[in-house]
Amino acid sequence: AQKVTQAQTEISVVEKEDVTLDCVYETRDTTYYLFWYKQPPSGELVFLIRRNSFDEQNEISGRYSWNFQKSTSSFNFTITASQVVDSAVYFCALYGGSQGNLIFGKGTKLSVKP
Amino acid sequence: GAGVSQSPSNKVTEKGKDVELRCDPISGHTALYWYRQSLGQGLEFLIYFQGNSAPDKSGLPSDRFSAERTGGSVSTLTIQRTQQEDSAVYLCASSSRRPEFGSYNSPLHFGNGTRLTVT
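Residue numbers (our numbering), protein chains in the order written: chain A, 1 to 114; chain B, 1 to 119.
These aren't lab readings, by the way, just hints derived from the structure by calculation.
Keep in mind that a hint or two might mislead.
Claimed, not checked - In silico EDC-like cross-links for lysine to aspartate or glutamate, where the CA-CA straight-line distance does not exceed 16 Å:
hint : chain 1 : residue 1 : chain 2 : residue 2
1    : A       : K38       : A       : D22
2    : A       : K16       : A       : D86
3    : A       : K106      : B       : E44
4    : A       : K3        : B       : E44
5    : B       : K57       : B       : E44
6    : A       : K3        : A       : D22
Please model the complete structure; the sequences and the hints are all you need to start from.
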């Protein structure tokens, strides 16, 4: 069975703090893909990143960085110097080749206060 | 259009009535997904289309739920005899291809959803 766990339901930080959103996944597939999506208050889901299981290289995009560790089945997301506009619900998701759908975690609501 | 379009954006219906939710995917996208997001919950997978066929209907919660896709484009999600627990945001997403081994290079593009309220 495939599963995505985002243990942090809500996180509140003050602007300019760094924050890490945790994501732990379960899959029996050897080839799989991990994703992060952002859902701002407007409701639209915005794609942030995709990572395949063969590429454990960490990625940085501006203030965003992702740490993929197969040994712990984790794909954590860090926002550096958070801003109020980062306030949103963030979803981690998993696609495994044996299934046709993208499995989402329950999301982490991030509130960044000025 | 430029993005995935869903209509209506909001729907209020009485318990027991049928509703139809529409999704217009990005032009040329062959894969189409329906998800449901209840208040404070994650995204629950409902059904997936590749072209007009639905290889994975495993997420449909009951036989009151059905979906179809015609012409490889527009999809309709139908909920019959709505119940209050059906109240949620129904999200549609499309992708240029089904994620395949080693060839997935297109993320899902989501619409803004239809907020369904069953009273």
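Do the hints match the structure? See the list:
1. A:K38 to A:D22: Holds, at roughly 14 Å.
2. A:K16 to A:D86: At roughly 11 Å apart (the allowed maximum being 16 Å), D86 of chain A and K16 of chain A satisfy the hint.
3. A:K106 to B:E44: holds, 9 Å
4. A:K3 to B:E44: holds, 12 Å
5. B:K57 to B:E44: holds, 12 Å
6. A:K3 to A:D22: holds, 14 Å
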